[in-house]
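As they're listed, the protein sequences go chains A and B.
Count the first sequence with this note's numbering and you get residues 1 to 655, in order.
Count the second sequence with this note's numbering and you get residues 1 to 655, in order.
Keep in mind that the hints were calculated from the coordinates and are not lab data.
Here the structure is a predicted model, which is why all the values come from computation and not from measurement.
One thing to keep in mind: the hints can contain errors.
Put simply, identical chains are the same to the list, so a pair is met inside one copy or across any two.
Unchecked claim - Straight line, CA to CA, 16 Å or less: simulated EDC-like cross-link-like pairs of lysine to aspartate or glutamate:
(1) K451 to E441
(2) K585 to E539
(3) K351 to D589
(4) K610 to E550
(5) K212 to D43
(6) K29 to E509
(7) K359 to E539
Number of protein chains: 2
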Amino acid sequence: MGNADYVYPSTNVERAHRAAIPPPQPFLKSLKYNLKETFFPDDPLKQFKNQPTSRKFVLGLQYLFPIFEWAPSYTFNFLKSDFISGITIASLAIPQGISYAKLANLPPVLGLYSSFIPPLVYAMMGSSRDLAVGTVAVASLLTASMIGNEVDANQNPRLYLHLAFTATFFAGVFQASLGLLRLGFIVDFLSHATIIGFMAGAATVVIMQQLKGILGLDHFTHSTDLVSVMRSVFSQTHQWRWESAVLGFGFLFFLLTTRYFSKRKPKYFWVSAMAPLTSVILGSLLVYLTHAEKHGVQVIGYLKKGLNPMSFTDLVFVSPYLTTAIKTGIITGVIALAEGIAVGRSFAMFKNYHIDGNKEMIAFGAMNIVGSCTSCYLTTGPFSRSAVNFNAGCKTAVSNIVMALGVMVTLLFLTPLFHYTPLVVLSSIIVSAMLGLLDYEAAIHLWSIDKFDFIVCLSAYAGVVFASVEIGLVIAVAISLIRLLLFVARPKTFILGNIPNSMIYRNVEQYPNTSSVPGVLILEIAAPIYFANSGYLRERIARWVDDEEEKLKSSGETTLQYVILDMGAVGNIDTSGIGMLEEVKKVMDRRGVKLVLANPVAEVMKKLDKAKFIENIGQQWIHLTVGEAVAACDFMLHTFPPNPLKEDSEAYNKV
Amino acid sequence: MGNADYVYPSTNVERAHRAAIPPPQPFLKSLKYNLKETFFPDDPLKQFKNQPTSRKFVLGLQYLFPIFEWAPSYTFNFLKSDFISGITIASLAIPQGISYAKLANLPPVLGLYSSFIPPLVYAMMGSSRDLAVGTVAVASLLTASMIGNEVDANQNPRLYLHLAFTATFFAGVFQASLGLLRLGFIVDFLSHATIIGFMAGAATVVIMQQLKGILGLDHFTHSTDLVSVMRSVFSQTHQWRWESAVLGFGFLFFLLTTRYFSKRKPKYFWVSAMAPLTSVILGSLLVYLTHAEKHGVQVIGYLKKGLNPMSFTDLVFVSPYLTTAIKTGIITGVIALAEGIAVGRSFAMFKNYHIDGNKEMIAFGAMNIVGSCTSCYLTTGPFSRSAVNFNAGCKTAVSNIVMALGVMVTLLFLTPLFHYTPLVVLSSIIVSAMLGLLDYEAAIHLWSIDKFDFIVCLSAYAGVVFASVEIGLVIAVAISLIRLLLFVARPKTFILGNIPNSMIYRNVEQYPNTSSVPGVLILEIAAPIYFANSGYLRERIARWVDDEEEKLKSSGETTLQYVILDMGAVGNIDTSGIGMLEEVKKVMDRRGVKLVLANPVAEVMKKLDKAKFIENIGQQWIHLTVGEAVAACDFMLHTFPPNPLKEDSEAYNKV
C-alpha cells in the first residue's frame, strides 16, 4: 500500500504523458529505410557522396582493390617487416600446403600451387593487413569426403581433380555473390558456439584420419565418422608399421614442444613457425640416408617442377557431377568464409582498423575463382598461419606477396627435395595443427555462461564426429534457428512490481524488494507479438490473471481491477498479434477487469492505431510509462470504488 | 541543455538504484520451468492437484471425454435447441458431403459415411459446443491432388480409395500425436495472414475445378494450377454443354440469393441452410422428369444403401504408397486442425467458454483414426457448417449426434433418391460455398495494417493458384519464418531523447518533442542479442556513434563522452552477443567514449555477470533506468571536465 500512496499524490491523470503515434511515413520511404538496414547496414557508399566523378572512380578502384589505397604510402620499413613475416609464413605454408593437399586426396603439389596465386590475388583485393592466405584442413577434409562420395580419388584421379577445381570455382562464385548481393549476414548465422563445436569436431575427424599415415596403413575407410575409422584401424592391426609410428610420434613430440615453447615465450614465435619445415627436412634426410622408404615408410615421391598450369578447361559443368561440385562449393565456401572473416576481423580489432565483411567476401570469391583456373583448390585465411604472420610483425598484405614468391622459388627449383619426405611427417604436422583447434576451454566457458550455446556446440561436435561434417553443421544451424524461433514462440512474461520510493516498475523476480499494487496486475511482455506466439500469450496472460485473482481471493483483501501490459519490449506486432490483443481485451471486459497499455513503441503504436485498437481500448488507457499507468489506475480506484467500475466495464462490453 | 540542468540536481550518483543480478537458480529448476512454459503453458494438470485418486480418475475421464462433464446436467430445453440445429446441419451435410466426396474423386457415398461416424466420436471427445463435424473442400481437393499424383482414381479406384483411408488414418495419428506430445503450438505457425491467403487460393482452385461439372466436360486436367485448368477448359470448347451450364448457373444464382437474404436477415438462417438440399431435390426432380441424363447432364447414379462398412483391413502400409499416404495425411491433417481449432476457438470466445487446443487435437485425431477404419475420409470442423449450427441455436455437441442420426436415416433408406441428382448441382453447391472463402476484405485490412502480412497472404494465394496447394503453403510458412528471423537478424535501434520535464527517455522519432543530452548518446536495442544479429549490432552501434561524433564536430559544441545502451528490450543474450558487447566496449574505450548500460533484464544480467562483463565495464556503469544513467553521466561531466576523462579512459585501455 505504501508505494501506492507514494505514487498517488505525485501525478494526476490530467498531467500524465501520452504515448504518441509516430508521425506517418510514406510507405516507400519506410520500405527504403528497411531495405537499407537489411542489406546496407554499413552504408558502404557513404564516402562516395558529394565527390566529383574522377574522384568517385579512384574511390571505386580503391574500394575493389585496397592495394591502391595503401601502396602509395608504402615505406621501406614496412617492407623489412613484411619480408621477415613473409619468409616465416612461407616456411610454414610449404609443408602445411603439401599436408592438406594429401588430406584432400589431391596431388601434393596442389598445396604449393594454392599458396602461390591466391595470396597474390588477396594482396590486391583484400582489406586485412594480417591475414595469411592458404588452404585449411577442414575445407580439405570436406572436399575429400564430399567429392569422394561421388568419385573415387584412387580409381579416377583425373575426374576427382577436375571436380575439386570445379567445387573451388563454385565456392568462389558463391562467396563473391554473397558479397555483391550484400548477403554477408548469412555467415552470421554460424554462431560462435556452432563454430567452436564444428571446428573441434572437424579437428577430431582430421586427427583420426591421420592414423592412416602414422600407422603406415595402405587401406583406409572413406568414411570420416568415429565408428568407421576405429573399425578400419583395429580390423588391420597386423598391418601397423612400428617404424612409421615411431617417426610419427617423434615428430609430433618435437612439434608440440616447439609450440609450447613459443607460446610461453612469444618472442621466439619463429621456433614453432619453422618447426614444420625443419621436420620435413629432418624427415627427408633420415629417409634418404636410411632408405626407410623400402621398409614401409611411405614418401611423397615425384613432385612436378614448374609453376601452376592453367586449369580453366578442366572445370566440369556436366550433369551427373555438377550438383556435387555446387554442393561441395557452397558448403566449403561458407566454412572458409566464416573462418577467413572471423580471423580478419579479430586482427583488425587488435590493430584498430576496419574490415568490411561484404568486401572481404568479394576478395575471397575472386581469389578462389582465379585459383580454380590456375590449378589451386579452396583457400581462405587460416587462423594459425595468420597468427604467425601477425606475431612476425607483418605490416601489410605484402607479406602474402613475399610468401607467394617464396613458394614460387620452391616450385621452380626445390620440388625434387621433397621426394623423400615421409608422409608420416605430414601427418604429424596436421595432428599438431589440429590439436590447437580442440578448444575445450571455450566449451567449458559456454557451459558456464549459456547452457543452450553449449548444447549447440556439443551437437555440432557430436554430429561431425559420429555422422559427418555436413550433418554436424546442419544440426548445429538447425538448433540455433530453433532457439531463435523458440524465443519468439515462447516469449517471457514477467510480473512487475514497484521499486520502493520511485515510480520505477521492474520484474519482481529480478528485484525481490519490489512491492505490488493492490488491485492492479502489471505484466511485461518481452518479445514481439507475432502469429507464432499470439496463441501462447493469450493463454499465458489469462493464466497470470487467474493466478492473481486466486491469490487475491484467498487473501480476501481486494479484487483485481486493472491489468497493465508493459509493451516497452514488444518491438513489433503483426495482425495475428493485434487479433490476440483484441481477444484479451474482450475477455478482460467480460471479467470486469480493465486492460491498460504502457509504453508501446512507435511501430506497435502505428499498427494499433491503424487497426482501430487504440479507439477500442480508449486513448486514455495507453500510457507512456508503467508508473503513470499505475498512477492513473490508482487515481480511478480512489475516486470510484470498485463495484460501480465493474458495472461500468460491463456496460462498455455491451456497446 | 535545459533538460540536462533539470535532471542534474534531482539525482546524484550515490542515491541511484542499481540494476540487480537475479538470485541464482539451480540449473534443473530453471530447465524445468522453461520446459513447462514450452510444452505446458496452459497448465492442464492444475485441476488434478490435491485430489483423491477416485476424483482424479473421474477428472481424467472427463478430461478425455468431456461428454461426462456436461451430460449429467443436460436438460430437455437443450435437447429442443440441439434437435433443431442438428436437423438443419444434417440438411446441409448431405448435399455438401456428396459434393466434397466428388471433389476428392471418391465415391459420393463416402461423404455421407463421413458425416455419420466422426460426428459421434467428436460429440464424446470434443470440447466445443458449436462445432459441426464434416468434410471440407480444401482437404478434399488436397487428397485428390496428392494421392492423384501417385494413383489414378479412374484407372485404379480401389487402390485410390484405400490410400485415402490410409491418409486419413495418418492424419488422425498425426493430429492425436501433436496433442499428446503437447506440440499444438505448431499450428500457431500458420499465421492469420497465411490462412486467409491459403483459403482464398484453395477456394479459387476449387471453383476452377467446378468448371468441369458446370460445363459438363468428360475429360479434365489433373493439375490444379490456373494455367493448366484454363488450357484444359478452352482447348475443348466444342465439348461444352449448354444444358449443364444453364442448370449450373441457375442453381448458383438461387444459392447465392438465399445466402444474401439470410445474411441480411439472420433470423432466416434456415433459408440458406436448406437451400443446398432444396437444390438437390429440385435438380433431381428436373432430371427425372425431363430425362436430361440422356442429354449430356451427368448424374450421381447408384448410391449403395446401408451404413459404413468397416475399412480397417483396407489400410495400405506397403512401401511404394506409404510415403504418399503419410505426406498427404500430415499436410491435410495440419490444414484440417488449423481450421477446426480456429473455428472452435472463435465460437468459444463468443460464448465465453474455454477450448484447450491440445485436447481438441486429440479429439480430432481420434475422430479421424476411427473414421479411417469405418470408410470415412478426413473430417474436421468446417466454418460454414459450424456457423449454421451456431445460428440455429445449438447448445451442446448433441446437435452433432442429431445430424449423425439424420445422415444414418438417409444412408439406410433414402440413398436411391439421389440417383438422378445432377452433378452440376453439386458443383453449384461447392462454388457457392467457396465464394465465401474469397475474403478480399480481410486482405485489404492486412494491407492497411501490416504490409508484410499482406505479402505473406498474397504469396500463399499466388502459390496455391499458380503452382499447387502444397507449394503455396510452404511459401507462406517460409516467408513468415523469414520475417521472424529478420526481426532478430536486423533488430531496430533507436536514439532516445529526454521528454521535457521528466526523467523519461524515449525514441526521438516517435516523440519529436524530446531533447538530446549534450555529450551523451542514448541508444535503445529492441531485440535479443543473438549470434544472428551481433555482427549487425556491432556495425550499427559504431555507425550511430560515428554519425553523432560528426554531428557534434560540425556543430563544434562538445565531444561525445558517453554512450548509454538501453537494454530494457533485450530479452536475452547469447555468448556471441556478449562477445559483441566486449568488442564494442574495447572500441569505445579506444575512442575515449565511456560505455554505460541501462536496465538489463534478469536473464541478460545473469549472463553478463557470469561472463565477467559486469566487472569489465564496472558495476557503477550499469544503471536501473536511462534517466539515472544520464544523471550519472551528467554528474561526471560537471565534476570532471572532458579532457582528463579521455586520458583516464585511455589509461584504462592500456591496463
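Hints breached by this structure = Numbers 4, 5, in rising order.
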